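Respectively, the protein sequence lines represent chains A and B. Take the first sequence: its letters are residues 1 to 307, numbered as in our numbering. Take the second sequence: its letters are residues 308 to 597, numbered as in our numbering.
These are calculated hints, taken from the structure and not from any lab test. It is possible that some hints are incorrect.
Claimed, not checked - Derived coverage of chain B by chain A (criterion: at least 3 residues anywhere in the stretch with Cβ under 8 Å from a Cβ of chain A; other residues may be distant):
no.: 1; stretch: 371-379
no.: 2; stretch: 496-502
no.: 3; stretch: 524-535
Bear in mind the structure is a predicted one, so any value in this text is a computation, not a measurement. Each residue gets a CB set at the ideal place from its N, CA and C atoms; glycine is no exception.
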Amino acid sequence: MTELVIVSGKGGTGKTSLAGSLAVLSQEKVLVDCDVDAADLHLILQHKIRESTEFIASSRASIVQEKCTACGLCLDYCRFDAIKHEPDSDSPNGERYWIDELACDGCGICPRFCPEEAIDFKETVSGEWFLSETSYGPLVHARLGIAQSNSGKLVSLLRKEAKSLAVEKQLDLIIVDGPPGIGCPVIASITGAGFILIVTEPSLSAFHDMERLWELARHFGIPAGLCINKYDINPELTARIETFAQDKKIVMLGKIAYDPVVTKAQVAGTTFVEYTHNGVSAQVKVLWNNLQNALQTVQSNKMEFET
Amino acid sequence: MKISIASGKGGTGKTTIATNLAITLAQRGKDVTYVDCDVEEPNGHLFLKPEIKKKEPVPVLIPNVDLEKCTFCGECAKACEYNAIAVLKDKVMVFPSLCHSCGGCYWICPEKAIYEIPRTIGVISSGDGDGLTFYEGRLNIGEALSPPVTKALKKAVPESEVVVIDAPPGTSCPVIEAINGTDFVILVTEPTPFGLNDLKLAVGMVRKMHIPFGVVINRSDIGDKGVEEYCQAEDINILMKILFNRKIAEAYSKGELVSLVNSGLLGNLYELYETIISKVNHDGTRDSKR
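My request is simple: use the sequences and hints to build the entire structure.
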């Protein structure tokens, strides 16, 4: 089984539009949307949610007002500036303490040291994850709660669920639509993956971000291939990115032109490869062929390594 | 006045708005600091081309165990909510990348065998560019936790008349850290189903944080009417609409500031600033009356 993760560093380079089209072109696979902050893949795959499950990853502290004596000891232990207090004439202590739930990191230290045992530490729901059916196979996706943390844990959970689904249904491929950036959710998305497809575009920003992402992939020893989206926006920079890929031995998998039809397809709630048959659609088919070859090479190298 | 520029979806034009707004205000004689809080992928420097005068490492504290004193009781591992420390029969393993630097193990150890040591996870750079002060946070490659870098960055930024904060994409902790404590949030979106879906999530976030906000619709003539209808239904102020123009995309791709090359393309950013000022002041007086 191969896990293909689509990432970009910079946001908005076209990861999800591409993931949707690859979902249509590929045969047997499980789809995963690991951009749990802002998941969009389901919007172009006519999904039906089959199962939804609460995501509980950590606990949050809260102060029980009746027990609190406003001693202020908790303040000394909180490294996240989450404990707030202000004068309160209604309180017997003349002061009220509370915990800023957005700032609380869930470290669980203040409840341990509160002499009055006035701090509760309870598991909280940080989001929800879904198993959906689409015309192109099962989709595992999620919605992180508003202003919640733990995106990395949620990403790991989605990948785990997708893997067991792939095993159960005997599917050989997992296509993961990844998040932007290079931090926690990206690391959780690519660690242990078989191959990453980097989607970039010819802008200095995207190039800069792609270089950082490539270094991250190298850091974790994951083979990478490259797709340059909207390549005709700046041909000179596209050439520079291609040279970079050659120097760094990143497999160049394809180039896709800038075409408003990609947005039109999205508005129509579908993938661009279904919406049009020319131009970008033909280009993504070339990309998919090259990608299949790259995945096969990775797979055979891995088998060689294992035997 | 602290204004942050955020968006649920990536690539909607946060950095374009933030850098061009900062430079426009600087040209009008304002004392402006631009702060790049997209510490995973900071891009503001590509446009503002600042002369960096200072670089400072961002340290976080991680535990170090004195094995002479350690009795391998395991209390530290039990207390760690992040699974960042594991105690074996005769050894203690610390996983720095999982550690949130809460200090729990240090306080809990009954033998006082744990002390904390600094570990660098990023860099803060600062300098000047075109009449403004520039600050940037940059997470080291391979590090997972960006909020400590953002937090340190925001602490390092000096007081100025206007602080423009360029936030990362998304709606979770790195964004919250970036926009926390700012007076106003500009949510940049595009009129597409992805733009709308992610805008709704971003609106949920800023409402939960009780920060006044408004929306800028970028490439307002592509896509559909979904974003506008949503803003109308939710009584959300559309601050500005920017028409799609290939020239903006080309200037952006080369690292050029559109407002310097062809100021008409982005609309009147000074007016945008004045609108925000009047909104913040208006909300302020309303709050004080309550």
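Outcome, coverage of the stretch 371-379 of chain B by chain A - at least 3 residues whose beta-carbon is closer than 8 Å to one in that chain: It is violated, with 0 qualifying residues against the three required.
Coverage of the stretch 496-502 of chain B by chain A (three or more Cβ within 8 Å): That given contact holds, which follows from 3 residues of the stretch 496-502 of chain B lying within Cβ reach (below 8 Å) of chain A.
Annotated coverage of the stretch 524-535 of chain B by chain A, confirmed only when three residues or more have a Cβ within 8 Å: It holds: at least three residues are needed, and the stretch 524-535 of chain B offers 3 whose Cβ sits within less than 8 Å of chain A.
Violation of the numbered hints given earlier is confined to hint 1; every other hint is satisfied by the structure.
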